[in-house]
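A.B. asks: Sequences are here, hints too, so could you generate the full structure?
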Amino acid sequence: MRLIKTKTTIDFLSSGRRKIALAISAVLVVVSLVSLATRGLEFGIDFTGGILLEVGYEQPADLEQIRGSLSNAGFEDAQVQLFGRETDVLVRLPPQPQESSESVRQRLQTTLESGGQNIDLRRVESVSAQVGSELAERGALAMVVALLLIFIYVMIRFQWKFSAGAVAALAHDAIVTVGFFSIFRFPFDLTVVAAVLAVIGYSLNDTVVAFDRIRENFLSLRGVSAEDAMNTSINEMLARTLITGLTTLLVLAALLVLGGESIAPFSIALIVGIIIGTYSSIYTASATALALNVNPQDLIEPIKNPELIDDLP
Amino acid sequence: MNKYPSWLNALVLAILLAGCLLALPNIYGSVEAVQIADNDGVAYDEARLDEYVRVVENAGVTPEAAFLQDGRVVMRFNSTEDQEIAGERLKAAYERDANVAATLAPRLPDWVRKLGLNPMSLGLDLRGGVYVLLEVDMATAIDSRMKGYQQDFDDRLRDARIRHRVDLADQRLSIRLTSAEDAQAARAIIERTDPNLLVGNGADGNSLTVRMSEAQIKERQDFAIEQNLTTLRNRVNQLGVAEPLVQRQGVDRIVVQLPGVQDPNQLKRILTATATLEFRLVDMSGDEPGSRRYPGRGDESSQVLKRQVIASGDQIIDARTGSDQGQPIVSITLDSAAGERMLQTTMDNLNKPMSTVFIESRRETVMRNGVEEQRTVKTEEVINTATIRGVFKNRFQISGLTPAEAYDLALLLRAGALAAPVYTIDERTIGPSLGQDNIDRGFNAIKIGFLAVIVFMAIYYRAFGLIANVALLSNLVFIVAMLSVLGASLTLPGIAGIVLTVGMAVDANVLIFERIREELAGGAPPQSAINAGYEKALSSITDANITTLIAAVVLFAIGTGPVKGFAITLLLGIITSMFTAIVGTRAIVNLIFGGRKLQSLPV
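Keeping their order, the protein sequence lines are chains A and B. For the first sequence, numbering that gives the first Met the number 0 begins at 0 and goes up steadily by one. For the second sequence, numbering that gives the first Met the number 0 begins at 0 and goes up steadily by one.
Treat the hints with care, as some may be off.
Unchecked claim - Which bits of chain A does chain B cover? Going by a derived footprint, with three or more residues having C-beta under 8 Å, they are: (1) 182 to 193; (2) 222 to 230; (3) 275 to 286.
Said to hold, decoys possible - Listing some non-contacts, in silico: residues in chain B with all C-beta distances to chain A over 12 Å: (4) Leu-20; (5) Asn-117; (6) Val-165; (7) Met-283; (8) Phe-442; (9) Ile-497; (10) Arg-595.
Rather than coming from a laboratory, the hints here were simulated on the basis of the structure. The structure presented is a predicted model; accordingly, all values stated were derived computationally and were not measured. From the three backbone atoms N, C-alpha and C, an ideal C-beta is built for every residue, glycine too.
C.D. replies: Spelled out as structure tokens, the structure:
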């Protein structure tokens, strides 16, 4: 069976198409950045610190009543929402510096039980603001270190123009994925950071596979422009790119639907990232390398001793 | 063409079988069990095992299996009731020397257990439990050491008849003297006492400043952490938790993980409690040097107490709760040195009053110049003052506490005091119902995701797809085997990592199969198409996997908690998938197609 016909000759990289792709990417990145700057992210308590309770009720929960009783108990800033199913409620509080976390939790529990319902305290997390900012720092650090190492690896294996293309594509994917979380106000927690890094890994996977073929074709297709060689390479790898993307999306869809609410942000980040990553390894990575005037000579081993050549008659 | 030598086929088969064996312990599930560990960490032998089994059998319960594991006794039971009865009986009999904990144990057949194989351990998010990250208050640890120096120098200078005044501020002592000669003499005394201290001149020639060197501070910090680790382990043992983890993290933090604990409130109260006792004589004249007034707790009246401590919490070797005329009491046993001092004190001070001081520290947040600051507040209250009616030595009782306080205090005194206060900075509790939910959901996602991929691969690449599916399945087995051997915990994000690996692991095969198709389309005969497909795809596969590996390694190195859990399975998955997708599928392809005359390939 074949998803696409054997030999596609889709024009991905002519300057007209590249402009369209550039425009789309620019819009995506700018919208993401603007949203990140103005709306920010819906940070989970991993980053902000605070207290979180997941409570299971026996009957479908009455959120209004829960909000009311919490507010009466002095928790005006509590966020209350359903979590995955009608009987599960998530209560979030910002850090309470004036009160110890034990006593806050004790009071929360008594307040929630006061409705006369039996509750099942499924999960309690209490993170100090200090630890929260540390986790955020480490997440950011991981992202930067990963990008740097990848840049170095691609530079060693290929050449700096490819490296720049790869990292541009990765940064593009990371920004748009995080921007997606900002625009749709999905909760952004530690697992999402892990997902974004996995997206970077995945998208890079795609990009490197395309570059590998480009290198091969640069060396074998003589007298063909860089643009045509790259276009051919992308066409040749199209089936693989789509099929791997598809199988990965299949399992992620299973994870999103069946994995439960707490892993949902992770699945969403990966799904968005992989779609964007597939697009970017076709367009962004190659277009950036082309914009940097990549050409077959870049991949030919440099001559070890140029002075010697100058000396030749 | 396309034949593996038989040794290579044998090797691939051997690795697969080894993987299956290592993954095997995971299929048995777990049952209720009781685990008994010696409080002092002494390994049990067969004789103790038999003794414990007899105790349980005398209670009318027969364990389904009983064995030694890592020096601990584990007994498996057929029902929760049996487990409860056995647990209670063992606790009653051995509470003083052993930690008896109810737990779940894998239902491994004897031969698997004797091979030393274990299933993967489940993270707290999958089995329920409590995770607490504690920060050790180092400033207080250093302060308390400096206070020791303060008192010591005070005594020594007085003995040397040098007029002086010693103050402690900002972890530094300032000593005021009356003349430059005295300052010289005082400096000599201090340097003789501890040559490592940094002694400097004060603002004028008549004063000195003393502080600890960097090395001493480091040493003190390490001591505080080590001491706290020991104390916390003792406290956790007193609570009866199976497989507790108490571990240092970084410079000043301690992680405590307690699987299966349902009530974090008592746990946290016990972990972070600093409550301890001091016994002091009441200063009847009220103006002895060093005496000061201590507030009374509740109805107790405040007292002016002498500076000398007769005995303090760290000299208490045993403490038990009881009641006396309906009042909760704590029976105290002192160590021999403190016992001697108590004997001497009570002999010399018959019919004079002595007070018990209850000391506790807690952290408060205060606003200073608009910035939130953490500050340690220490409360010292007199809980009881009694007249010494007779001479006593190392055993006596104290009163003046509520029943809950008496219980906690006795436990804390038994387990030893913290060298420096600790504070919870991160705490996560997962209830057992959520843990089970997470397991069910995670495995469902793996099952369905896996199924979707293998169906797709079989349809899309026909026979070659089926071969890739065999590789994918063995990849799962290898991940589970590696997790079991490494003893890494499986967490929900870890499951997500496995799911992602399943999706991505086929990539290598897709690359190879697409290449084979290309070669075939280019007119290559089937055998050389197979060969070229594997050879030419190799560099792409390696590059692609190494870059993902970089991301996974960074995640593992820098990430914490859930991120690490995800990174470990992703990391293992990438490594095992390289083997199964390249070497594994090639072996099968070679076996089936190698050396035959083929007109076409089912790819």
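A.B. asks: Which numbered hints turn out to be false for this structure?
C.D. replies: Violated: hints 2, 3, 8, 9.
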